[in-house]
Every structure is written in structure tokens, then in C-alpha cells.
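**Q** Below are the chains, spelled out letter by letter.
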Amino acid sequence: MTTPRKYVRTEDAPLLPPPATEAGITGWLWQNIFASMSDFQSLGAAIRSLFMILFSLLLVYLFIDQTYGLIDFAILSAVWSDPEGLKREACWTVQQGGSLPDGWHGACWPFVWAKQKFAWFGPYPSEELWRIYLSLIVGSIGLVWALRERLPYRRQVGVLMLTLYPLLAFILLTGGNSDASFTGIGVWIIVGLALISVGRMGAAGHLGTIFAEFAGIFGIVGWGIIALNVVRGIVALDFNLTPVGTGDWGGLLITLVVALTGIVASLPLGIILALGRRSEMPVVSVLCTIFIEFWRGVPLITVLFMASVMLPLFLPAGVNFDNLLRALIGVMLFSAAYMAEVVRGGLQAIDKGQYEGAQAMGLSYWQTMRLIVLPQALTHVIPGIVNTFIGLFKDTTLVSIVGIFDLLGAGQSAVADAAWSTPVQAITIYLYIGIIFFIFCFGMSRYSIFMENKLSKSRRH
Amino acid sequence: MQQLSLKSIIYDARMRGYFYQVFILSCLSFGFWWLIDNTVTNLADRGKTVGFGFLSENAGFQISATLGTWLFDYNVGQSSYLDVYFIGIANTFLVAILGIAGATIIGFTVGIMRLSKNFIVRSFATVYIELLRNIPLLLQLFFWYFAVLRALPSKRDKIEIIPDVAAMNITGLYLPAPIIEPGFIYSVTAFVVAIIITLVMKSWAQKRQFETGQRFPVLWTALGLIFGLTMLTFWITGNPMSWSYPEFKMTGAILRRGFQSGSGMVLVPEMLAVWLALTLYTAAFIAEIVRAGILAVAKGQTEAAYSIGMRPGMTLRLIIIPQALRVIIPPLTSQYLNLTKNSSLAVAIAYPELVSIFAGTALNQVGKEIEMIFMMMMVYLTFSLATAAFMNWFNARVKLVER
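Residue numbers (my numbering), protein chains in the order written: chain Y, 346 to 806; chain A, 3 to 405.
One should not assume that every hint holds.
Unchecked claim - Derived pair list, reagent style DSS-like, types lysine-lysine, alpha-carbon separation capped at 27 Å: (1) Y:802 / A:301; (2) A:251 / A:157; (3) Y:799 / A:301; (4) Y:697 / Y:802; (5) A:160 / A:251; (6) A:119 / A:301.
Hints were generated in silico from the structure; no laboratory data involved.
If we strip away everything but chain Y, and leave its shape as in the complex, we get (with noise of 0.2 Å):
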């Protein structure tokens, strides 16, 4: 028998807010801060809290410190414009001849507007830099597009990016007209022309059934041909442009083109390296695995010293390619080499079972790479890749070395022109080079862990 109740609650209890320490500005306040720093139970617990507390307040100090500093050194104390054109003298102090008190400590941006032109272009004619603005405005509208999600064509604006993007910088940037002969052109393309048509008949079974494995060679290379010379066709048609030599390339034109034309070729040439050291052949595996070991072994900067000093020693006596080329090939087959590791590492994460199910699908070698493989690899190691195009973005820097004007060896030259020689000459321009760099390989790196949360999520289910 049970006692009969006396009280029975009808409505629910009220809810309770969060304890202040879990919730709400003091909740995260209290765990972020203040947890680690408040526990004096023991004698072990209150040396760390004391630790963390004046650790904390140290670098408290020393962030705001360095931020006011650099605050006041660009902004606050800077001289921002010299208009009676003084020069060095607008950024001199009145011990060194100039107006600003002693002891003053600021940016000289004066000298970085009047050098702006030279960082970014170096010495191509002014009156041409359109061309330039020209193929950068095409070329940041194309890659955003092939970059955004959810517009329209992504795919073909990328191949367009890859193929005739690449053409209309070259002829904008040094104004085409190069000297080839059209007969030539003309020639190979009837070669070109006859490999394709010679290629079709064998497929077509008309030159006998052991021809016919050997078919598509011919027409791939045909093509090759084709579009070789259709390029240079282009290339060489006269645009009424003036032409503008790369010795007349400068700053950050120059960072820009070696970045890309490393990027773009490093990719393709990394797969293929990446097949070839994993293909079950051994003269091809040993021999990518050595390519890809050498250039992987010794610093950037001997590739572009050898490039300089012995590029010219390996080609018969009369061709001569001028310093950009050399360095561009110099820069390719390197980051070629470790494009290759990053590819390799994405090829060795796809499971077995997807090579033997395409090979029982009888899928050939290239359709199985071209259609299964690659595309999960890839996807797979887009951080991978991202990275290393941020470490080529930075290392292009090292061009400055053997004598080509990038971004910022075009800095090094104005800091060495006395017309303004002040001593914060030298700060002012590394800090705007910096910010250049910095806003360029934060956005990749911000790109690349964008990427690689959608591709977790993606893979999730």
C-alpha cells in the first residue's frame, strides 16, 4: 500500500541560464584565459598558474608592443607625401639636413610612390603598360571565374585559361611579331596534317591489324605538330604592337610570370613523373625516381646558377635564350620534381581495388589514369598542392640572385639609389614587398584549407 502524495509538480521546473563559466563573453573568457591561470590548489598548480599569468601578460606586452610599433612606424609617424619633390630630403630629420624632428622613426612612402612603378613593372615603357593591365584584369577575371563556385562554363573557362590565355599574355607582354617563316609553319603543318591522316587510315584497319595498335600515336603527335605551329603562327603575326624585349621586364610582372609558368607547367610534368616512378617498368621507374631525387637534393638556388652558367654550355653555339628562359627552366623542372612527391603521396592513397576494377572494366593504362586514378588522387592532395605553390610563389624571390628584376630585386636596386638615401630607406621598402607577398601566399593558404574542409566534408557521408 503506498502513502498517497502530497504534492505533485504540474509544470516543468524553470530553466536554469548556463553557469557563468560555460556560456556567454565571461564563460568563454574564463575558459580561454582566466582557467588556466586560476588554480592554486597545490603548490605545483599555483607555480604554473603564476607561470601562465606572467607568460600571458609578457606577450600581451610584446604583441602590443610590436603591432603599436609598426602601426606608428607605417601609419602614425610615416611621411606620406613630398610635395615640393625634396626627395630624400622630405625623410630627413633636422640633424640630417631635413625638417623632421630628431629622433623620428616612420616610413618614407614618398620614396615607395616613387619607385611603385619600377616594383611592379620595372623598366617596360609607360606608355605600354596597358598591355599589362590588360593581360592581369583578363587573366584575375578568368581565374576567378574558374575558380567560384556555382557560375556558369567554370570548366571550359579553365581550359581556356590553359591554353589561350597563356598566348594573349605572351603577345600582349612582348607585343608578338617574332620572326618565323610562314613557309615553315606551313610545312610542318602539312606533316602535321599527313601523320593525322596516315594515324585515321591505320585505325581504320587499311594499313594491316599490327599498324593499327600503333595508330594513335600518330595522331597525337600530329596534333602536337599542329598545335605547335599554329602558335607559333600567331606568335609570329605582325599585331602593330611595339615589341618589348623581358630585359625591359620587371618587379612584380616578373614574380607573376615565373610563379605561373611554374605552377602551370610544374603540374603536368609532376604527374607524368609521379607515373613514371610508380610504372612497374624499371628503366622508367629508376630513371624518374633519379630526376626527381637530383632536383629535390640541391637548393633552388644552384638550379638557377647552373641554368645561368651552363644552360648556355649545353646548346649548340648560336641559340641563345635570354635570362628569363633560363631561369623559367631552371624553376619548371625543380618544382616539377617536388610536384612529383606531392602527386606520388595522392597516387599511393588510392586503394588497390580501384586499379583492378577499372583493369576489369578493360580500361587501358592511360584510360585507367586518366578516368579513375587521377582524378581522386588529385583531389586528394589539393592542399598538397596548394602548398607547394605558395613555397614556388615565394622561392621565385630567388631570381634576384643571377640578375633578373623580380619584385623584389626591384626592391634591392631603389633601396640602392642614393637620390633617396634615408635610413629607414631600407624598412620602408622591404615592409610593402612583404605586404605584397604576404596578402598573395595568406590568400593561396586560406584557398587551400578552404579546399580541404569542403573535400573532408565531402567525404564524410
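Assemble the complex: chain Y is given as a structure, and chain A must be docked to it using the hints.
**A** Just chain A, lined up with the frame of chain Y:
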């Protein structure tokens, strides 16, 4: 029995493989032959010969005083180009070893800071990493050399770091130099002996703990042994080492003021700049590796360790660090390798390392491009391949433990 016909050969995957390989090899040999032929022709046109005879010729240029010049006793006009080569290698490895030591300490600290529960500590580490990682190393090198170290006081002036012991000016960092006297070798021997005894003691203590469960205070005994034995020998042999302090003159003839040569030792600003830039830049990458390595240890490991009664310190030392190191060490080695290769950037500020003095100054004087660039590349390549071989050995060892 299969019939050997042309068709069966063409359709045989293995035969096709042979065909492709022979084809590739012959293309490659032709390419190499073409390159070598061109090179021979070009060298003949320029009236040059190939050979390593130049190595014994005397080098006629000044190299600023560094570890390498001290080790190989460099004299202009008397030392050979081979000496220059070795000086370059010594200086490269000097800055690489110092850089590796610095980058490891800073990198591990920042990496652990990045995982802190404390927001301030965490974000400070994040800002450090993002800032240093995204700015080219060469720019950082220029910053330290041209913007920071050039702003130091002039040759006739100084700033004290530790009064009378360490000071800096634009010519470098001045530190006391040890002067070693003959009996010093006994102290070194005592130090080595103490370390050997410690190792023996450690394995004995471990064996005893496994058998009886009794622990032995290895750490304190080892410290006492290593310090005590060494200091005792040092004292008995009559203090056979003294310090030469850098001497600075404030008065007297104006050209004689400043640090006096022959006293103390100097670290040239080029080296300081290279060291600072390499250390701080590589530390940012090491920090990310350390963070990833610690995060890779599953949380259950910590909880399991706590549940069998381990204290946090023991958990860290016995459970987390050994597992994290397995993830950390391979990329860490490749960062060390990168740092060593990046030390070649020092050519931009003329620190006398391998690229700068051998492939730079010496190459300009001798003009033996092929031999010299080959010799230079061999140094880096040997080092890289040796490290790679070590890594393969290490990975194989770790894998065995993993089962």
C-alpha cells in the same frame, strides 16, 4: 606451346614494356650525347679544358673571418681553391647546425603554444606562424641584414648585451673566446666517461625496476656524475681553460678605437642575419609539424593513461611524446634538409658559404663552370641522400615497433 610470331610479340605486355624501355633509353642516350657533344664543342670554341687541376692553385681573394677560415687556416695567395671549397662547406654546415638547433627550440615552443588552452598564448603563436610562413625567406634575410643589423652602432661604438662579456656593433657580435690549455683533454675525457657510466647505470636501473619494482634516482645521479666528475677533473688538473674577453677601446687615436682584434671572438653580421632568418622562418614550419603531430595522438591515449593512474607529466613523457614523435620526425627531417639547402640563400648577403665563395667568387676567378657547379651540387646531394637513407632506416625501425 605458344607460337612465336610477330603478332604475339606485339600483343605481349612484357615485350611491349621492353620495347618502350629500349626506346626511352635510346632517346635519352641520344639526348645526353647531343648535350655532351655541344658542351665539348662550346668548350673548345672558348679554349677551355676540363679538369680538376685548378683545385691546387692558390686562391687570391679575401674571405671574412669565420669558422671555416679558422679551421683551414686561410691565407690569401697561399691557400688553394680546395681550401676555399672546404671553408665553404664548413661555413654552410656551421650555419645549418646552429639554425637547426635554434629552429627546433623555437619551433617546438611555438607549436606547443599553438595548442594551449590560453587564448593569448594560442593566438600569439598563430600570428607568428602565419606571418613568418607567408613572407619569402630571402626578404626576411634582407630585412635582418639591411634593415636591422645595419642599424646597429658604428665600428667605434657598441651596445652592451652583457656588460664586458657580450656586445654588438655593426661589425658583428663579440663574445668571449675560450683559450684551451694542454691539460684540458682530461676534462673532456672525464665528461665522456661520465656519460658512458650514466648510460650503463640507466640500463641497470631499468632492469632492476622491471625485476624488483624498485626505482633508482637516475636523473639526479647522472647530473651529479656528469657535472661533478667533469668539474672535479677540471679543478684537479689546474683549471686548464680560460676566457679571452673582447677588448673595447673608447679613447686613444680615433682609428684605433672600437673592438681590438685578437681578443674574444666575433660572429660576423652576415652569419647572424642568415642564422636569424633561417631559424625564425623554419621554426614556423616546425611549429605546424609539431602541432599536427601532437593532434595526431588520439585523445583516448591520454584518457587511458589517466585512468591507469599516470600523472600528466608521465602521460606526456611516456604516452604522448613517443607517439607524436613518430608522426613528427619524418617531416621534421625534411625541414632540417630544407634549412640546410636554404642556407645557400646566404650568397645574397655574401656570407662566405659554399655557393657564395666557391660557385660565386672562385668561379668568377677560375671560370671552370662545369667542374665547380658539379662539386657544389655534390655536397648538397650527398647530404640529402644521406638524410633520406637515414629516414628510410628510421621509418623501417618505427614500423617494426608499430607491429
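**Q** It remains to establish, for every hint, whether it holds in the given structure.
**A** Evaluation of the provided hints:
{"no.": "1", "hint": "Y:802 / A:301", "in the structure": "holds (22 Å)"}
{"no.": "2", "hint": "A:251 / A:157", "in the structure": "holds (11 Å)"}
{"no.": "3", "hint": "Y:799 / A:301", "in the structure": "holds (24 Å)"}
{"no.": "4", "hint": "Y:697 / Y:802", "in the structure": "holds (23 Å)"}
{"no.": "5", "hint": "A:160 / A:251", "in the structure": "holds (10 Å)"}
{"no.": "6", "hint": "A:119 / A:301", "in the structure": "holds (15 Å)"}
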